[in-house]
Amino acid sequence: MSRRPRRNHSPAFKAKVALAAVKGEKTLAELAQLFDVHPNQITTWLTQLLEGAAGVFGADGTADGSEPTVDVKTLHAKIGELTLANDFLAGALGKAGLLPSAKR
Numbered sequence: 000m001s002r003r004p005r006r007n008h009s010p011a012f013k014a015k016v017a018l019a020a021v022k023g024e025k026t027l028a029e030l031a032q033l034f035d036v037h038p039n040q041i042t043t044w045l046t047q048l049l050e051g052a053a054g055v056f057g058a059d060g061t062a063d064g065s066e067p068t069v070d071v072k073t074l075h076a077k078i079g080e081l082t083l084a085n086d087f088l089a090g091a092l093g094k095a096g097l098l099p100s101a102k103r
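Position one of the sequence shown corresponds to residue 0 (numbering that gives the first Met the number 0), numbered consecutively onward.
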């Protein structure tokens, strides 16, 4: 008897099988036959789904990685640099007579 080659299932397939197991409409044996996987594999995917379900919503109600962390001090420093450069250039243009009168 030859062995079946190792199969790699996509995350979407794993989620589909695990969600079918969560619904409980069919037994593990029926799901295993339906999706052509071992019942122990379905149990493993179900456990992973249930353990990772809280991570979907994040600790503070937002999804993890949805917003990058922002360093406020760095942003304030950059704003200060840009404001200083803008004021310097506005003054230089005003002295050279190139700045419109509305901006003086």
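Please note that a few of the clues may not be correct.
27 Å max Cα-Cα, derived DSS-like pairs, lysine-lysine [unchecked claim]: (1) Lys-25 <-> Lys-13; (2) Lys-25 <-> Lys-15; (3) Lys-94 <-> Lys-72.
Worth flagging that the hints you see were computed from the coordinates, not collected in a lab.
Hint-by-hint comparison with the structure:
At most 27 Å may separate the alpha-carbon atoms for a hinted pair to count; Lys-25 and Lys-13 meet this at roughly 16 Å. The suggested pairing of Lys-25 with Lys-15 holds, with an alpha-carbon distance near 13 Å, which does not exceed 27 Å. Between Lys-94 and Lys-72 the CA atoms are separated by roughly 33 Å; this puts the pair beyond 27 Å, and the hint is violated.
The structure is inconsistent with hint 3 alone, although it conforms to all the rest.
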